[in-house]
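Asker: Here's the letter readout for the chains.
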Amino acid sequence: GQQVQQSPTSLVLQEGENAELQCNFSTSLNSMQWFYQRPGGSLISVFYNPSGTKQSGRLTSTTVIKERRSSLHISSSQITDSGTYLCAMRVTGGNNKLTFGQGTVLSVIP
Amino acid sequence: AQTIHQWPVAEIKAVGSPLSLGCTIKGKSSPNLYWYWQATGGTLQQLFYSITVGQVESVVQLNLSASRPKDDQFILSTEKLLLSHSGFYLCAWSLGGSSYEQYFGPGTRLTVL
Numbered sequence: 001g002q003q004v005q006q007s008p009t010s011l012v013l014q015e016g017e018n019a020e021l022q023c024n025f026s027t028s029l030n031s032m033q034w035f036y037q038r039p040g041g042s043l044i045s046v047f048y049n050p051s052g053t054k055q056s057g058r059l060t061s062t063t064v065i066k067e068r069r070s071s072l073h074i075s076s077s078q079i080t081d082s083g084t085y086l087c088a089m090r091v092t093g094g095n096n097k098l099t100f101g102q103g104t105v106l107s108v109i110p
Numbered sequence: 111a112q113t114i115h116q117w118p119v120a121e122i123k124a125v126g127s128p129l130s131l132g133c134t135i136k137g138k139s140s141p142n143l144y145w146y147w148q149a150t151g152g153t154l155q156q157l158f159y160s161i162t163v164g165q166v167e168s169v170v171q172l173n174l175s176a177s178r179p180k181d182d183q184f185i186l187s188t189e190k191l192l193l194s195h196s197g198f199y200l201c202a203w204s205l206g207g208s209s210y211e212q213y214f215g216p217g218t219r220l221t222v223l
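From first to last, the protein sequence lines stand for chains A and B.
In case it helps, my numbering puts the first sequence at residues 1 to 110.
In case it helps, my numbering puts the second sequence at residues 111 to 223.
The hints are simulated quantities; they were obtained by calculation from the structure and are not laboratory data.
One or more of the hints may lead you astray.
What the hints assert, rightly or not - Pairs of lysine-lysine residues, derived as DSBU-like cross-links and limited to a Cα-Cα distance of at most 30 angstroms, are as follows:
(1) 54(A) to 180(B)
(2) 97(A) to 180(B)
(3) 66(A) to 138(B)
Claimed, not checked - From chain B, some residues computed to sit far from chain A (all C-beta separations above 12 angstroms):
(4) 119
(5) 150
(6) 195
(7) 222
Values in this document were obtained by computation on a predicted structure and should not be read as measured data.
Every residue gets a Cβ at the ideal spot worked out from N, C-alpha and C, and that includes glycine.
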């Protein structure tokens, strides 16, 4: 079954609104990473966040290992935030394998 | 600074023809290297990973093979393409040891007709 569930599948925001993206894992994880996928397909690492909370500008990631979940909070959204956000987990003893979620497609409109 | 380069940028190939995709990492010695594949509208899947020259581990088969002929080079290939090989191929690297954060290349878009 699906080991990584992302929600919502898609989200439309008006510029300036906040967004909360969720990632839930069905197995114990060792670490996780959030990516932004450009329309052309390449991935940019947003956060590597094995546990706890990390912040970078308007983005905040919180990972709670025991609860098998991670979130990405985007505050004061901008049109340039539009795109697909992916979370990926690495399981303990998983040979460096990253298992990806299906992504959240974010559209920020004026 | 580390740079990761993939070639070609895009490829259109016929079913049954051979394929070779390349990935080069500059500015980092002995990285862990990875190949990923994403079907159109699909989820990214890890295909192969390598922690050292000459050593490649398969994660998902898909009738593809990978090789690491040099420390900074990772090659994905097949002798006979299938329609199902179409999609987006991404190469990634991470530091060795206990550092697992992965960094991705720009990708190669493959269309098999």
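Asker: Should the label of residue 119(B) as a non-interface residue stand, given a Cβ cut-off of 12 angstroms to chain A?
Answerer: violated, 10 angstroms
Asker: Say whether it holds or is violated: residue 150(B) keeps its Cβ farther than 12 angstroms from all Cβ of chain A.
Answerer: violated, 10 angstroms
Asker: Are all beta-carbon distances from residue 222(B) to chain A longer than 12 angstroms?
Answerer: Consistent with the label, residue 222(B) stays out of reach of chain A, its closest Cβ about 17 angstroms off (over 12 angstroms).
Asker: Please verify whether residue 97(A) and residue 180(B) have alpha carbons no more than 30 angstroms apart.
Answerer: holds, 22 angstroms
Asker: For the pair supplied as a hint, residue 54(A) and residue 180(B), confirm whether the alpha-carbon distance does not exceed 30 angstroms.
Answerer: violated, 36 angstroms
Asker: Please settle this one: residue 195(B) was flagged as non-interface, so is its CB more than 12 angstroms from every CB on chain A?
Answerer: Given a closest Cβ separation of 16 angstroms, the condition holds.
Asker: Starting from residue 66(A), check that the Cα of residue 138(B) is at most 30 angstroms away, please.
Answerer: violated, 34 angstroms
Violation of the numbered hints given earlier is confined to hints 1, 3, 4 and 5; the remaining hints are satisfied by the structure.
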